[in-house]
Amino acid sequence: MSPLNSRYSWGGDEHLVVQLDEAMSLEVNFEAMAMARLLQSQKLPGVIDVCPANASLMVRFDPDVIAPAALEGAVRQVEREVGDAPSLTLQTRIVEVPVWYDDPFTNETGARFRDRHQRPEGNDLEFAAIENGLPSVQAFIDRHSGSPWITSMVGFVAGLPFLFQMVPQERQLEVPKYLRPRTDTPALTVGYGGCFSCIYSVRGAGGYQMFGVTPVPIFDPARKLPDFADFMVFFRPGDIVKFRAIDGDEYERVRQDVEAGAFRYRQSPVSFSLHDFLAGPDAYNATLLEALHGH
Amino acid sequence: MAIEILNPGLASSIQDRGRPGYYEVGIPPSGAVDLYSALAANLLVGNDDGAALIEAAYMGPELRFTAPAVVAVTGAGMPVKVNGRSAPQWESFDIGAGDVLSFGFLEHGARIYIAVSGGIDVPLVLGSRSTYALGAFGGFDGRTLKAGDVLATGTDTGSGRPGRAVPEHLRPELSRELELRVMLGLYDYRLTPAGLTALLDTTWTLTPVADRVGFRYSGGTLEWKERVQPFGAGSDPSNIVDAGYPLGSIQVPGGVEPIILHRDAVSGGGYAMVATVISADLDAVGQSAPGSRTRFCPVSMEQALQARAETAARVRQLRTALS
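Listed in order, the protein sequences are those of chains F and U. Under our numbering, think of the first position of the first sequence as 47, with each following residue one higher. Under our numbering, think of the first position of the second sequence as -9, with each following residue one higher.
Bear in mind the hints are in silico, worked out from the structure with no lab data behind them. In this text the structure is predicted, and so the values were computed from the model without any measurement. Check before you lean on any hint, since a few could be wrong.
Sample of chain F residues with no beta-carbon within 12 Å of chain U, all distances over it, derived [unchecked claim]:
no.: 1; residue: Asn100
no.: 2; residue: Glu142
no.: 3; residue: Phe210
no.: 4; residue: Leu271
Covered, in the sense of this in silico footprint (three residues per stretch, anywhere, with C-beta under 8 Å from a C-beta of chain F), are these stretches of chain U [said to hold, decoys possible]:
no.: 5; segment: 30 to 43
no.: 6; segment: 150 to 157
Straight-line Cα separation of at most 25 Å, DMTMM-like style, residue types lysine to aspartate or glutamate; simulated pairs [unchecked claim]:
no.: 7; chain 1: U; residue 1: Lys215; chain 2: F; residue 2: Glu68
no.: 8; chain 1: F; residue 1: Lys270; chain 2: U; residue 2: Asp131
no.: 9; chain 1: F; residue 1: Lys270; chain 2: U; residue 2: Asp111
Glycine is no exception: its CB is placed at the ideal position from the N, C-alpha and C atoms.
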């Protein structure tokens, strides 16, 4: 994660990719986000897209406007200025995402694609519980919904958040992806692959294990709901997410709220200090949840 | 003035120059996959550079016009017909009210561009009229065209007039034997020396999996270095911690079939990219049809910028020829 480990490389004549580290960690993700924010604030002519990713950063640029060497110099300077990740503080928000785990939609889809799965019997949640040495599906759900997650990257398709759980590495859940990707995934499926959770923004192909569905929209091109007044995509890098397990009845109630245009996310602004988090993750997460619940 | 879609063809969509600036949230630039041919079509009918037009892959649509218009067809080689009679390609012509524009079989290339004076009038979404089908927005209802759709055209008919033609030497050469210039890099260090040699020495064949998102090739196998995977990357040696995908980058899931990402690219994911097609050659990728035999030829940044300058010079010549 130190500048010595970072690797600069060209993606053709229009992209610069900076790999900050090969492995995932909260520290390297913070560094990527901080670099992206600083670079975006500089509004360099010729910079078209600044795309922070989990452990890397991609910049799309117009080499007719900014010479590749000049861009690389500017990004290296940004990397130096951002410095040490643990000292960073993020002004962000915490949002609650209700999830109907073990729901009929993803179970039906999982059953259809069982020939692409490591474990033909059972469903993806049972597989994930076994892979992580947990005694039951409920134990896995408790772990998945028990601690908050940070939006470490947005992308793949429009508005899809990659989420990284804010717990020490030894407590992180890890699950392999499907042996071959599915050609179908219900929209708003909560997925899991490697060490990342995601929420599929649209129906389509997917390779992550499927654990449940959320009734809340995350991508709304028509911008019908108040939470989408500014933009069609809800999640931004750095958003903190707390999953809450719900049942089918509550799923249906929230879905009807969404249909009626009345749904609002439960959310609060928070300031997140990586240093304070690393000093005591569980206590720090408890204060984040207090902020969400308005105490 | 309207255009009725009698038959949509295989994959016809509304595109313009694209929607830059939203890749960070997974919204790709979209836009014509052959920008040069799309620009030529617009210039032929007197439209602005950024006017929306129809892109059709492999098979032309059948369109009925409700009012007179000036039309031009560029891109892949495909016989053009008005009411069943032959009409020119790379040249603007008049079409009358009630006339039907249709097409013969694809002869070379993959995608045609149909521009109409005034452009296709669909709403601007994030600054562009391009269709982004995966996100279900932009273009006509966020999707490819269907029989029965009715497209409105813009009222700005500009300086459209028939009989303009793109000179022969400014039309692209479309071949089933391609040499695509690439810049190595990104995660190419994860390949063994033999894997890198295989990438560059194999003559790859474009598979039928070739659409606006990506072009998948077969013909060789790449060897990856054995190693303990970094935390969060996934177990296959070609997996990485999910990262941004440059447009034109070549990823090789599992090491067997390289995929070149194009203008509706997925913006990121967990497969290692080993090279990127330079911007000057992306139009050629967009015009390659399944079965095309393709080699990847490494170039430096200096050579890529030189090729980019040559493309820009060609665009200037096109503008002069059609002004």
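Q: List in ascending order the numbers of the hints, as given earlier, that are violated by the structure.
A: 1, 3, 5, 6
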